Structures are given as C-alpha cells and as structure tokens.
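Visitor: So you can see what is in the structure, the chains are spelled out below.
6 protein chains.
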Amino acid sequence: MKATVHRKAHFNAAHRLFRKEWTDAYNAEVFGKCSNPNYHGHNYELIVSVSGEINQQTGFVMDLKILKDIIYEEIEIPFDHKNLNLEVEEFKTLNPTAENISHVIWKKIKKRLDNNLKLEITLYETPRNFVTYTED
Amino acid sequence: MKATVHRKAHFNAAHRLFRKEWTDAYNAEVFGKCSNPNYHGHNYELIVSVSGEINQQTGFVMDLKILKDIIYEEIEIPFDHKNLNLEVEEFKTLNPTAENISHVIWKKIKKRLDNNLKLEITLYETPRNFVTYTED
Amino acid sequence: MKATVHRKAHFNAAHRLFRKEWTDAYNAEVFGKCSNPNYHGHNYELIVSVSGEINQQTGFVMDLKILKDIIYEEIEIPFDHKNLNLEVEEFKTLNPTAENISHVIWKKIKKRLDNNLKLEITLYETPRNFVTYTED
Amino acid sequence: MKATVHRKAHFNAAHRLFRKEWTDAYNAEVFGKCSNPNYHGHNYELIVSVSGEINQQTGFVMDLKILKDIIYEEIEIPFDHKNLNLEVEEFKTLNPTAENISHVIWKKIKKRLDNNLKLEITLYETPRNFVTYTED
Amino acid sequence: MKATVHRKAHFNAAHRLFRKEWTDAYNAEVFGKCSNPNYHGHNYELIVSVSGEINQQTGFVMDLKILKDIIYEEIEIPFDHKNLNLEVEEFKTLNPTAENISHVIWKKIKKRLDNNLKLEITLYETPRNFVTYTED
Amino acid sequence: MKATVHRKAHFNAAHRLFRKEWTDAYNAEVFGKCSNPNYHGHNYELIVSVSGEINQQTGFVMDLKILKDIIYEEIEIPFDHKNLNLEVEEFKTLNPTAENISHVIWKKIKKRLDNNLKLEITLYETPRNFVTYTED
Numbered sequence: 001m002k003a004t005v006h007r008k009a010h011f012n013a014a015h016r017l018f019r020k021e022w023t024d025a026y027n028a029e030v031f032g033k034c035s036n037p038n039y040h041g042h043n044y045e046l047i048v049s050v051s052g053e054i055n056q057q058t059g060f061v062m063d064l065k066i067l068k069d070i071i072y073e074e075i076e077i078p079f080d081h082k083n084l085n086l087e088v089e090e091f092k093t094l095n096p097t098a099e100n101i102s103h104v105i106w107k108k109i110k111k112r113l114d115n116n117l118k119l120e121i122t123l124y125e126t127p128r129n130f131v132t133y134t135e136d
Numbered sequence: 001m002k003a004t005v006h007r008k009a010h011f012n013a014a015h016r017l018f019r020k021e022w023t024d025a026y027n028a029e030v031f032g033k034c035s036n037p038n039y040h041g042h043n044y045e046l047i048v049s050v051s052g053e054i055n056q057q058t059g060f061v062m063d064l065k066i067l068k069d070i071i072y073e074e075i076e077i078p079f080d081h082k083n084l085n086l087e088v089e090e091f092k093t094l095n096p097t098a099e100n101i102s103h104v105i106w107k108k109i110k111k112r113l114d115n116n117l118k119l120e121i122t123l124y125e126t127p128r129n130f131v132t133y134t135e136d
Numbered sequence: 001m002k003a004t005v006h007r008k009a010h011f012n013a014a015h016r017l018f019r020k021e022w023t024d025a026y027n028a029e030v031f032g033k034c035s036n037p038n039y040h041g042h043n044y045e046l047i048v049s050v051s052g053e054i055n056q057q058t059g060f061v062m063d064l065k066i067l068k069d070i071i072y073e074e075i076e077i078p079f080d081h082k083n084l085n086l087e088v089e090e091f092k093t094l095n096p097t098a099e100n101i102s103h104v105i106w107k108k109i110k111k112r113l114d115n116n117l118k119l120e121i122t123l124y125e126t127p128r129n130f131v132t133y134t135e136d
Numbered sequence: 001m002k003a004t005v006h007r008k009a010h011f012n013a014a015h016r017l018f019r020k021e022w023t024d025a026y027n028a029e030v031f032g033k034c035s036n037p038n039y040h041g042h043n044y045e046l047i048v049s050v051s052g053e054i055n056q057q058t059g060f061v062m063d064l065k066i067l068k069d070i071i072y073e074e075i076e077i078p079f080d081h082k083n084l085n086l087e088v089e090e091f092k093t094l095n096p097t098a099e100n101i102s103h104v105i106w107k108k109i110k111k112r113l114d115n116n117l118k119l120e121i122t123l124y125e126t127p128r129n130f131v132t133y134t135e136d
Numbered sequence: 001m002k003a004t005v006h007r008k009a010h011f012n013a014a015h016r017l018f019r020k021e022w023t024d025a026y027n028a029e030v031f032g033k034c035s036n037p038n039y040h041g042h043n044y045e046l047i048v049s050v051s052g053e054i055n056q057q058t059g060f061v062m063d064l065k066i067l068k069d070i071i072y073e074e075i076e077i078p079f080d081h082k083n084l085n086l087e088v089e090e091f092k093t094l095n096p097t098a099e100n101i102s103h104v105i106w107k108k109i110k111k112r113l114d115n116n117l118k119l120e121i122t123l124y125e126t127p128r129n130f131v132t133y134t135e136d
Numbered sequence: 001m002k003a004t005v006h007r008k009a010h011f012n013a014a015h016r017l018f019r020k021e022w023t024d025a026y027n028a029e030v031f032g033k034c035s036n037p038n039y040h041g042h043n044y045e046l047i048v049s050v051s052g053e054i055n056q057q058t059g060f061v062m063d064l065k066i067l068k069d070i071i072y073e074e075i076e077i078p079f080d081h082k083n084l085n086l087e088v089e090e091f092k093t094l095n096p097t098a099e100n101i102s103h104v105i106w107k108k109i110k111k112r113l114d115n116n117l118k119l120e121i122t123l124y125e126t127p128r129n130f131v132t133y134t135e136d
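Chains as they are written, first to last, in our numbering: chain Y, 1 to 136; chain B, 1 to 136; chain A, 1 to 136; chain F, 1 to 136; chain D, 1 to 136; chain U, 1 to 136.
Source of the hints: derived by calculation from the structure; they are not laboratory data. In this text the structure is predicted, and so the values were computed from the model without any measurement. Just so you know, not all the hints are guaranteed correct.
Think about it this way: if two alpha-carbon atoms lie no more than 20 Å apart in a straight line, the pair counts; the simulated PhoX-like pairs of lysine-lysine are [to be verified]: (1) Lys-92/A / Lys-8/A; (2) Lys-33/F / Lys-65/U; (3) Lys-2/D / Lys-118/U; (4) Lys-110/Y / Lys-2/A; (5) Lys-108/A / Lys-118/A; (6) Lys-2/A / Lys-2/B; (7) Lys-108/U / Lys-2/D; (8) Lys-111/B / Lys-2/Y; (9) Lys-2/F / Lys-118/D; (10) Lys-33/Y / Lys-111/A; (11) Lys-2/B / Lys-108/A; (12) Lys-68/F / Lys-33/D; (13) Lys-107/B / Lys-2/Y; (14) Lys-20/A / Lys-65/A; (15) Lys-2/U / Lys-111/F; (16) Lys-33/U / Lys-65/D; (17) Lys-8/F / Lys-8/B; (18) Lys-8/A / Lys-107/A.
Derived coverage of chain A by chain Y (criterion: at least 3 residues anywhere in the stretch with Cβ under 8 Å from a Cβ of chain Y; other residues may be distant) [stated by the list, open to error]: (19) 10-16; (20) 47-59.
Every residue, glycine too, gets a C-beta built ideally from N, C-alpha and C.
Chain Y extracted, bound-state conformation (with noise of 0.2 Å):
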C-alpha cells in the first residue's frame, strides 16, 4: 500500500542566468533580463515529495516532521537569503535555472533518503513559472 507525501517550503534568494564560458552579450541573447549582472530575485516555493509503502505502525510513510528538518538543514540553511551563484557551491559552475536548482535539490535530499523512497522535487521560481524534477 504506497502513497506520496508532501512537504511545502520556501527560501528567499538572488540569482542571474549566466554561464562563465559564454561572452556576456551572448548571455544576454540567450538570457534576457534574467541575466541582469546585477541580480534580480524570489521567494522559490518547494514542494518535496516523497513516495513509498504506508508504514503499517505508524501510518506514515516518512515522518514529516524529519523531512522538514532535512530541508531545512539541505536547503533553507544553505539558500535562503543567499546569493546562489556567488554563496551556493554547485552553482558557481552550473547555471542556476529552476531546472538545475531542482536537480540540485533532488540530489541533496535524496542521499539523506531511505533507498526504498522516491523522491520528486517541485520548485516554483515565480507563481507562474514552475519545474518538477524526478527520478526515472
């Protein structure tokens, strides 16, 4: 008997689209104003869900309140109220698009995981514009 939980958080951050091996004029064809070297920001709205077997004990499939402290210490430490390209490790290299941040968080939540759970990450950058990440 499986089923899916969820957790809703959010963090607050700055960012810009750039990619260090590109000319910053071709960074602002392919970017737009999203590449502002100046930065621009949001509040990202996360949503973490996590699939598995209905523990028959608890009635749980995770404990929520251990996923909300394993977001906390993965994700709301590390990016809320952070510059990501400049404060966040992975993306000094990597472009942060919601695409990447998700995959980004994926990987960090997945690895404090049990094996048996799947995990699919929903990020939103604006209201209007979301990204879901998930395993195969």
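Chain Y is already provided as a structure; the job is to place chains B, A, F, D and U on it using the hints.
Guide: Showing chains B, A, F, D and U alone in chain Y's frame:
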C-alpha cells in the same frame, strides 16, 4: 482519448495520532504534539481525481455534479465537523494519519465509480503537508 | 536528465454546454444550468507542462519565454474575452466541456513544440473543477 | 466590542460592458474587448463583510450560517450560471462593471441585515482585478 | 509617514462552540454541528497587522522578526495542536468563536507592542469564514 | 457613490537592507540575513487600490486598463528583474524595506492619477510579510 477530472472539496475535523496498542508515552514519543489526548484539528482540503475515456456524446470523463454528490455522501457527511477518532467507524481502530485517511477516502469513493475509471486522492492536512494516494 | 517545466496562463470566456444534435430539453437534462442558452462564463486558469531533457548548454527544458509566446498566440489571442461556442472555430461543432477544451489546447500547442517534448494540459474551469489532458 | 465577519462565495456568469445609449462603435472604443457582443465571462469571487457589536451571549457579530443563506438567496440563485446583461433585472439597464455589480450586491444584502450592522462588498472579477464597495 | 506591516502565521486546533450556562440542547440549537461535544478543528490562519510611523533610521514600522517572535510566544506556543476549550485558559469560560479568539489574540499581542502602534487581527477559521478585530 | 478598484501586479528583484551611514557590522546587527552584501531577492506582489466616485457614464472608478499601463510604466519597467539598491534611483540612498518601497511606489503612481482619487499600496515581500501604505 483519456483525461483526468478533478473535484475539490473540504471538511473540518478533530483528530489525534494514536495507536491503542501503544502506551501513551510511546504514542507521545512517536507522534509528538499530534498525539495530544485532547485532540487538535484541521481544515482538510480534498482533491478527488478520476481518470478515464472522454465520452464522445457528453464530452465528460464523468459528470462532476455526480462526483460532487458522491463526495458529499461518502466523505463530507460522515467526516465534516466530526472527531475522526471517536465518530468515524474506520478510525476507531486505524490511526488517522493523512496517509490512512486518504486510503479510507479512496476505498469509499472507489466503490461508487465505474470499474473502468481510475481514482487518485490528494488530501491536504495543512497547506504545507499533504498526501497523494493512487491505485497501482 | 529530464524535467518538466510548467507555465501558467489564463483567459476569460463565455460558453454553454450544448450539442446541436440534441433537443434543448435533452441538453438541459444532461448539462443542467451549464446549458443556459444565454451562456455563462469562467476565468479559465491554464497550466501548460512540457517534459524533456534538460539542455546542458542552457539548463532549460525549453525557454519559458518562448512557451509564453506560444500560449499567447495559440490560446490567449483566440480564446480570451470570447464566446467559445460562437467565436472559436473548434467549438462550433464540439461541446466546450473542460475535457474537450483541454484536448483542443493540447493539439494547438503540441504542433508548435519539438517532437521530443511531451505535453500535458491542466485547465481550471473553476477553482474547484479542473481537468488534466496528457498524451499516452 | 466590535468586529467584522467575512464570508466568501462565488458565482460564474457571462457579461459584456455595454451602454444602450451609446453606439456599438463607441462602446467598443470605451470598453474594448470587454464589450464583445457575444459576451465573455468570469468566475466572480465575492467577500461579504459585516461589522457590528459582538453579541455577548453567542460570541457572534452575526451567525455566518444565516449570512451564507442570505448570499445564496440574494446573489447565487439569481446570478450563478446566468448572463448578467440578459437575465438579471438590475443589469438590463445598468452596465455590469465590477463597480456596479458590487453596488447592486450591496443593496440586495443590506436590506436583509439588521440596521446596526455595516456592510462592505469585495468582488473579484479576476484574480488581478477587484472592487470594494462600502457605505460611508 | 505611516504604514501598516502585516505578518501571517497559523495554528491547528480543536474546538467546539459551547456555553456552559446553556443546556446541551440549546447549544446544539444555536451552534449546530459546530457544537459537536467531541470537538472538530481548523487550520487557523492569522494575519497580525501593526500600524505606525516608519522609523527614519531603519525604514521599519517595527521589525517583523520581533513580531514573528511575539506571535510565536503569545499565540503559536499556547494554541497550536491544542484543544482550545480544554487547554487554553481564556476559553475555559469564553466561547471560542472566531470573533472571541480574535479578541483574545488582540489582547495578548497588544500588551507586547509599543503604545504608539495600532493593532488589527484577522483570523481565518476556514478559507471561507474569517473575522477582523481592530481597536477603535 | 464611491468604490475602490484594485489591480494586482508583480515584479522580481534583488535587494539588501542596508544604510550607507552605518558600519557593515551594525547593518548586520539590525537587519540580520536581510543585509547579506551579496543580495537576496523576492517575487514582490503588488496591489494598487484607487478610491473615488463611480463615473455614471462608464460605471468605472477608473479604467483598469489605464491603471495597468501606469503600473507597467512606473513600476514594472524600472523595478522588474533589477537590483533595487544598485539600479533603482530612489533606493541608492534609501533603504529598500517593504515600507520604503511601498512609499516610493505610492509617490510614483500618485502623480499619474487624477487629484480626486485616493491611492493605497499593498506590497507583499513574501506571502507571509506584507505592507500597506495609504494617504492620510
């Protein structure tokens, strides 16, 4: 040509996380403040999702007025403004976690639907904690 | 490495549920107040979801600015502030249920996307009634 | 000891902005696509706010079950799934802008309330456009 | 130069509408299913609004981190995951309607604020029923 | 016969809370992580509220299409995808707290409105922190 139709509903209820087989101390250890013996409560938001062929005559997967009535009879009448542990038969012996409530809702609605329709239940316990239960 | 990007949009339109092949009495019996001959209307909220590989150069599944423009041209221009039954070609002969509108939107956007991208449409007719249309 | 109680409701309707006294061309010039002769429509979201003394016996400004019934009788029954211009008496001669609809709703509910209660109406035509009508 | 700052918070609690001075039958007659002796519950959403001069040094009406801590200490700790009737001192003798809960919250936070600040409380019992309490 | 019309808009921007007159250490002490020298950012949600007489010809307090254009020119163009501290003239010498941003927005829109209209600004820095600025 298949689609999924979704209908939102809600109910307000009291509950506590609790297993009779466990001591009060162990219930408190596992479930924390969610096991308060005096109960606490939630505005549960429910999404009922039904997948199937689009009927070429009506353009419906199923008539949402009928689904609305099924949800009202099976879920809102027995659950709304109730104490789930004390007043809903299924939870007298089953711990009312969001996972277990979703499964109970799934079973109650499933038996009212045509066999060729697939059912998924999403239940928000709070705006930040929610669960999805679907069939394999 | 795959992900899904989602873009929200909306349009306001009038419609009625109605099949020409049926008598007015039978339309009223099947569709109730949704078949009012004088029309009623909705603020349709639309989520367009596109799945595919994350491009290693851009970090995008697809550029959401381009998707936004496709939605504007294919859906917002022809549907917004229109009477769907009278003014949108597809619904002159097709009953504009949320299921059928989703399918029409799917076909109009699908033909504008690269072949390797998968498309899913979610359409809210009201905050409580919505539909998902996806490819097999 | 005063407070304000609020009750949300909604209705779906078709309308067009239009003054009979004006030519079609002038209506189109002033109201743009909102004046489409074939109508368009909205999911109107309504907040009814009633201010007054908290009754020391009940702890209520007024019983929200009663307010819910008044809204149902005065607004939802006559407005929901209707064409406001053609089927609602007040708008046969009054342009159904959000301002005017709010004023009509205010008058219809006001006459059902005790004289010592103050009434404010908030009407969302879309999630981005809304109006507040209150008494002086 | 004045402004109002708002901070949202929430708590989940059980309650019943009930006056000890009344018979059970009369409580049921006045409060209906909200008077269920086994309790029901809500996700209460709270908006605390503080008005005053914008400090020319900080640019703040008041530091929202401090307001967040006051709400946590005065409201979330004593109310969250509690049975309001049984476990919150104020409601042992006061009927916990949304109006009365708002007034209690107003008094608890007011005594923690500078005298020159004006306080307003908005409390959502459900997404459709809410109350505003303000000072004269 | 008066009413208030409201228009929602949004912009995404980077900022930091910071006063040049203060040392970095004192900025950090007062503003905490909001003073991060590398900036952070927000999806600012804006509600512009305009109060006045309902025009008996149009049924409008003011045409929301005109208000939408004013917001676009005065706020969205200069603020969206910008670093408020570095790229918006007003905040080169003014700390961009939500209170101060609201006041700047109020002044920029106010000068574009008819004198008989009253203006109120509501600015959401996050879904949980927001500010209202109004005239006396």
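Visitor: Now, for every hint given, state plainly whether the structure supports it.
Guide: Checked hints:
| no. | hint | result |
| --- | --- | --- |
| 1 | Lys-92/A / Lys-8/A | violated, 26 Å |
| 2 | Lys-33/F / Lys-65/U | holds, 11 Å |
| 3 | Lys-2/D / Lys-118/U | holds, 16 Å |
| 4 | Lys-110/Y / Lys-2/A | holds, 16 Å |
| 5 | Lys-108/A / Lys-118/A | holds, 14 Å |
| 6 | Lys-2/A / Lys-2/B | violated, 24 Å |
| 7 | Lys-108/U / Lys-2/D | holds, 17 Å |
| 8 | Lys-111/B / Lys-2/Y | holds, 19 Å |
| 9 | Lys-2/F / Lys-118/D | holds, 16 Å |
| 10 | Lys-33/Y / Lys-111/A | violated, 28 Å |
| 11 | Lys-2/B / Lys-108/A | holds, 17 Å |
| 12 | Lys-68/F / Lys-33/D | holds, 15 Å |
| 13 | Lys-107/B / Lys-2/Y | holds, 14 Å |
| 14 | Lys-20/A / Lys-65/A | violated, 39 Å |
| 15 | Lys-2/U / Lys-111/F | holds, 19 Å |
| 16 | Lys-33/U / Lys-65/D | holds, 11 Å |
| 17 | Lys-8/F / Lys-8/B | holds, 16 Å |
| 18 | Lys-8/A / Lys-107/A | holds, 17 Å |
| 19 | 10-16 | violated (count 0) |
| 20 | 47-59 | holds (count 5) |
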